Amino acid sequence: MKRLAKTFESLRSQKRKALITFVMGGDPDVGTSLSILKALPSCGADIIEIGMPFSDPMADGPVIQLAGERALAGGCTIAKIFDMVVAFRKENSSTPIVLMGYANPVYRYGVDKFAHDCADFGVDGVIVVDLPPEEDQIVREALGNQFVDMIRLIAPTTDEARLQTILDGASGFLYYVSIAGITGAAKANLDSVRAHAALIREKTDLPLAVGFGIKTPNDAQEMSAFGDAVVVGSSIVEKIAQLREKSDRLGQDAPEMAAVLDHIRALSGALKASA
Amino acid sequence: MQSEPKRPNSYRKGPDESGHFGPYGGRFVAETLMPLILEVEKAYLEARDDIKFWVEFDKYAKHYIGRPSPLYHAEKATQHFGGAQIYFKRDELNHTGAHKINHCIGQILVAKRMGKTRIIAETGAGQHGVATATVCALFDLPCTIFMGETDVQRQAPNVFRMKLLGAEVRSVTSGAGTLKDAMNEAMRDWVSNVHDTYYLIGTVAGPHPFPMMVRDFQSVIGKEVREQFADRYGGLPDTLVACIGGGSNALGLFHPFLDDPDVKLIGVEAGGHGVASGEHAASLTGGTPGILHGMSSYFLQDEHGQIKDAHSISAGLDYPGIGPEHAWLFDHKRVEYVSVTDEEALDAFQLCAKLEGIIPALEPAHAFAHVAKIAGSLPSDHHIVMNLCGRGDKDIFTVADKLGVKL
Chain A
1 MKRLAKTFES
11 LRSQKRKALI
21 TFVMGGDPDV
31 GTSLSILKAL
41 PSCGADIIEI
51 GMPFSDPMAD
61 GPVIQLAGER
71 ALAGGCTIAK
81 IFDMVVAFRK
91 ENSSTPIVLM
101 GYANPVYRYG
111 VDKFAHDCAD
121 FGVDGVIVVD
131 LPPEEDQIVR
141 EALGNQFVDM
151 IRLIAPTTDE
161 ARLQTILDGA
171 SGFLYYVSIA
181 GITGAAKANL
191 DSVRAHAALI
201 REKTDLPLAV
211 GFGIKTPNDA
221 QEMSAFGDAV
231 VVGSSIVEKI
241 AQLREKSDRL
251 GQDAPEMAAV
261 LDHIRALSGA
271 LKASA
Chain B
276 MQSEPKRPNS
286 YRKGPDESGH
296 FGPYGGRFVA
306 ETLMPLILEV
316 EKAYLEARDD
326 IKFWVEFDKY
336 AKHYIGRPSP
346 LYHAEKATQH
356 FGGAQIYFKR
366 DELNHTGAHK
376 INHCIGQILV
386 AKRMGKTRII
396 AETGAGQHGV
406 ATATVCALFD
416 LPCTIFMGET
426 DVQRQAPNVF
436 RMKLLGAEVR
446 SVTSGAGTLK
456 DAMNEAMRDW
466 VSNVHDTYYL
476 IGTVAGPHPF
486 PMMVRDFQSV
496 IGKEVREQFA
506 DRYGGLPDTL
516 VACIGGGSNA
526 LGLFHPFLDD
536 PDVKLIGVEA
546 GGHGVASGEH
556 AASLTGGTPG
566 ILHGMSSYFL
576 QDEHGQIKDA
586 HSISAGLDYP
596 GIGPEHAWLF
606 DHKRVEYVSV
616 TDEEALDAFQ
626 LCAKLEGIIP
636 ALEPAHAFAH
646 VAKIAGSLPS
656 DHHIVMNLCG
666 RGDKDIFTVA
676 DKLGVKL
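Going down the list, the sequences are from chains A and B.
Just so you know, we're using my numbering here: the first sequence kicks off at 1 and counts up by one.
Just so you know, we're using my numbering here: the second sequence kicks off at 276 and counts up by one.
Heads up, some of the hints might be wrong.
Claimed, not checked - Below are the DSSO-like pairs computed for lysine-lysine, each with C-alpha atoms no more than 30 Å apart in a straight line:
1. K215(A) to K239(A)
2. K38(A) to K80(A)
3. K80(A) to K90(A)
4. K677(B) to K438(B)
5. K351(B) to K288(B)
6. K90(A) to K239(A)
7. K187(A) to K215(A)
8. K334(B) to K113(A)
9. K317(B) to K203(A)
10. K80(A) to K203(A)
11. K113(A) to K583(B)
12. K351(B) to K317(B)
13. K80(A) to K583(B)
14. K239(A) to K583(B)
15. K387(B) to K337(B)
I should point out that these hints are in silico values taken from the structure, not numbers from a laboratory.
In this text, all values refer to a predicted model and were calculated from it rather than measured experimentally.
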């Protein structure tokens, strides 16, 4: 069974919601970023989302834009992210990894090679923000041939007809973008998320993750009621941004790392408490 | 780059239903924007089939913009180069001083039909920003213009113009603070305000339907040239020349002639310090296929697919991408794409002023620089029409600075 499906199944049987943590690959440097990745599962991250930095991240707010700039300044590339995944997989073979980014670097890397490498190195799913269903066929098929899931996004603006289009090619899980906006924006209106999530639930059994605007343990707890998972990104990345002020290539036991990892523990604790 | 594509029956039928010109174009946007983009497409296709829409467009084109713009036989330039007959399509005489107003009028009429109550736009040099602010004043809609911090500083007069017209100018500090960053920020604003906002894109770029829609509105240029040329000289011109940043004025001129194989079409990209120097804005002659700003096209990028900053003396050409239809025409070799350096454009700027008493914008100065290269070696019965798509008042500070003159 695929890692993603296994994780959701196991969490469902425990009546728990998944914590999906987003970090930008290579932020603030490749070494520190790998230390963070390795520490995430023991702090309670159930699924790890790794951002592939892009020069023009049109769906991201300032926090993740800056993370991408730091990563690129540190020389991060898709190849280096695969190296990080390989290093991570030497220690962890159970936590699913989802890569998230924009189409251009993936196309430049080579779609088929990208899909092969995802499968070879232990990536379980891929989100490409600027590939809506109308444009994702090439990448989706390449990934599908390698049994890697293409994770599709659903937005508050998605109507019922489009929802069906999205569901028709979806696999892994669905990512509900809870606000019409960019990453790091204000939290969504709960009633709106509840209504949309209910509609999605009616139409599919795929696990549903809710993301965008979820920053605190309390946010995570509230939003987890509507799906199977919550995605937290900007508030984690904000804490990683402060590491840069200190020193490069931090290990996971470095005292500075505590602020990042404690935040993950608190998020995870909040989800477990509501189980 | 791919192998030579098959010649289509017509070059004027694109894009296909999904907004593609061959492998280019498309709708590479986040899901949040997709429903809205489909709505824009629907609204535009309805408008396109509605005679009343075009009656209104024509009314503003004639009485507000001042169309048709003249087709002027530049006899002194012709004499100077001693070869082909040179004609200027005088789109610099339009209200607001450039061709941008053509698609601004068209798009604001579409936005009104859609019931949108707020307009946003990106601008580089400020020409599209001024044109957008102008139509927003005319139609009484609030308007926010995104402009890179660097451009805000180097285009202060246009920033002031936009403010006079009632627009809010938002300085964009992300990235390098230039046109591509302004476009990113406009997209971010749009995704955050989908319900009431219309994004009035300033060139034949972005997600479908924008490249098609802007082209259709700008095609007024080429249609007029066809008529004016036939009326006065008979037949068709032999060569058309236009500068290219995103490509709106060039496509506006070329599109009505794409299926006339005897008409040679030349697009002039901004070569900056020279394409070989790496500091340029020549996306076709110096870039590679990629995906950005909602479209598949040619871009300046590094080996990892990170977009590079463009460089051009002309802020209006300073964009690291190009409209997807140009990418397609480039692959099909229907249009010849060349580049002209900053220095050549600067010389052409001065030459045009002295020869014809017309101070061109730095953008069409690129086109004139190429005309200067080819006209002399062509026979006197060869007719070149160049799109003089903007006037140079906005550029006098940049040019004075380059010439070491303090104003």
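Consistency of the hints with the structure:
no., hint, result
1, K215(A) to K239(A), "holds, 11 Å"
2, K38(A) to K80(A), "holds, 15 Å"
3, K80(A) to K90(A), "holds, 16 Å"
4, K677(B) to K438(B), "holds, 27 Å"
5, K351(B) to K288(B), "violated, 38 Å"
6, K90(A) to K239(A), "holds, 26 Å"
7, K187(A) to K215(A), "holds, 8 Å"
8, K334(B) to K113(A), "violated, 54 Å"
9, K317(B) to K203(A), "holds, 27 Å"
10, K80(A) to K203(A), "violated, 38 Å"
11, K113(A) to K583(B), "holds, 24 Å"
12, K351(B) to K317(B), "violated, 48 Å"
13, K80(A) to K583(B), "holds, 20 Å"
14, K239(A) to K583(B), "holds, 29 Å"
15, K387(B) to K337(B), "holds, 20 Å"
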